[in-house]
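So the sequences go chain by chain: A and B.
At position 122 of the first sequence (counting the first as 1) the number is 122 in my numbering, and the numbers step up by one without a gap.
Just so we're on the same page, my numbering is the position in the second sequence counted from 1, plus 1000.
Be aware that one or more of the hints could be misleading.
Short, incomplete list of chain B residues facing chain A, as computed with Cβ under 10 angstroms [as the list claims (entries may be wrong)]: (1) S1036; (2) I1037; (3) L1039; (4) A1043; (5) Q1047; (6) H1048; (7) D1057; (8) Q1070; (9) E1096; (10) A1099; (11) V1106.
Listed next, the in silico EDC-like pairs over lysine to aspartate or glutamate satisfying Cα-Cα at most 20 angstroms (straight line) [said to hold, decoys possible]: (12) A:K116 - B:D1057; (13) A:K116 - B:D1031; (14) B:K1062 - A:E165; (15) A:K116 - B:D1063; (16) A:K116 - B:E1096; (17) A:K116 - A:D194; (18) A:K116 - B:D1055; (19) A:K116 - B:D1056; (20) A:K75 - B:E1035; (21) A:K116 - B:D1100.
If you are wondering where the hints come from, they were derived from the structure by calculation, not from laboratory data.
For each residue, glycine too, the CB sits at the ideal point set by N, CA and C.
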Amino acid sequence: MRLTFRGQTALVLGASSQIGLALTRLLLAEDLDVITTSASLAGQTILAEHFPDQSCFVLDLGAVSPDVLRPVVGKGLDYFVDLGHGDHEGLLAATTETRAEAYFQAHVSGRLRLLKAVTRSMLPRRFGRLIHVSSTAADLPAPGQGFYSAAKRAAEAFYLGLGLELNTQGISSLNLRLGLVDAGRGQRFLDKGDNRGRLGHKIVSLEQAASTLLFLLSDQALALTCTTVTMDAGLTAQKYA
Amino acid sequence: MNPSDSITALLSRILDVDPALIHPKTYVIRDLNAESIDLLEIAVSTQHDLGLAVDDDIFFLKDIRVVLNQAKSQDLEPLAALQQAYAHLAPSRVAEILADLPAGPVLQVRDLVAYVQAAQAASPDGQNHA
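Taking the hints into account, I'd like the entire structure generated from these sequences.
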């Protein structure tokens, strides 16, 4: 089966992550134009080194403004992949209120602000595909992941809502809940102690994650919309760990 | 194309209405049956076709009741509060809106035109990019 893509321009939020880099390479191999973003200057440097011919921007969800968004979405988008991920681990009952408020301001309100701009850039073209890379933690957080879980659930609701509201305008959406991915933080976790041996085959490889995202962006997957798909190599299928 | 013709063409296309039926005092929601998704498309098309930044709340007079409630809680004159919130509308239009509010959504085609005219006048190149 050969994948086809009716759109041309993709925006990858959080593209400096290992999944983001791998996905961007796959998108470029399909002759798509890719606009990449990272939340930091260091990430932007990485993107510029890997993809010198593509546009890359610093985009921090905590600082989303029209001036920041204009160059990113201004020319119109067909695809948006949201790999934005904020770290804020800690017990909910022990949290600092200001840190919690800032976290949700960025990862809920800031994300919605970005999604509004993204979808409005897709509407004139009557086509758009939104993929949110979520996590099994949205449903099954570990202790300390309450903020992360809450933000992911809110984001999932945004994506489902947007797909529902804008489907008549050619825009579809999907949440992909990944389990333990052998990349980035997941890789660091797996490399500790006997985690890798203990978790055995319940690990999603970087290649699997990136290629699945590519498929989900393709014309062949567009009927998968307004829904959430879990891809965790069976990690959460078992009652007890 | 002048703002009035631009808005009429845009409304005709999006709402699938004969442009001959669209007049300045035509109600966008009451007469043309525009729904939320239509208003979104109108805003996006205005932004895209006319190169204007669109604040949906102001453009569509969405938060009139919020403005009035705030004016009431702050003991301000309702007309003055509305005029401040919707500076692109003539005082006579604002007074009409206040009187018309009990009858339903007050947005008329001329209000959209007024917004576009004000936005174009405020921008040096006739466009007001967000």
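The hints, checked one at a time:
no. : hint             : verdict
1   : S1036            : holds, 8 angstroms
2   : I1037            : holds, 7 angstroms
3   : L1039            : violated, 12 angstroms
4   : A1043            : holds, 8 angstroms
5   : Q1047            : holds, 7 angstroms
6   : H1048            : holds, 4 angstroms
7   : D1057            : violated, 13 angstroms
8   : Q1070            : violated, 21 angstroms
9   : E1096            : violated, 31 angstroms
10  : A1099            : violated, 33 angstroms
11  : V1106            : violated, 24 angstroms
12  : A:K116 - B:D1057 : holds, 14 angstroms
13  : A:K116 - B:D1031 : violated, 28 angstroms
14  : B:K1062 - A:E165 : holds, 19 angstroms
15  : A:K116 - B:D1063 : holds, 19 angstroms
16  : A:K116 - B:E1096 : violated, 33 angstroms
17  : A:K116 - A:D194  : violated, 44 angstroms
18  : A:K116 - B:D1055 : holds, 12 angstroms
19  : A:K116 - B:D1056 : holds, 12 angstroms
20  : A:K75 - B:E1035  : violated, 27 angstroms
21  : A:K116 - B:D1100 : violated, 32 angstroms
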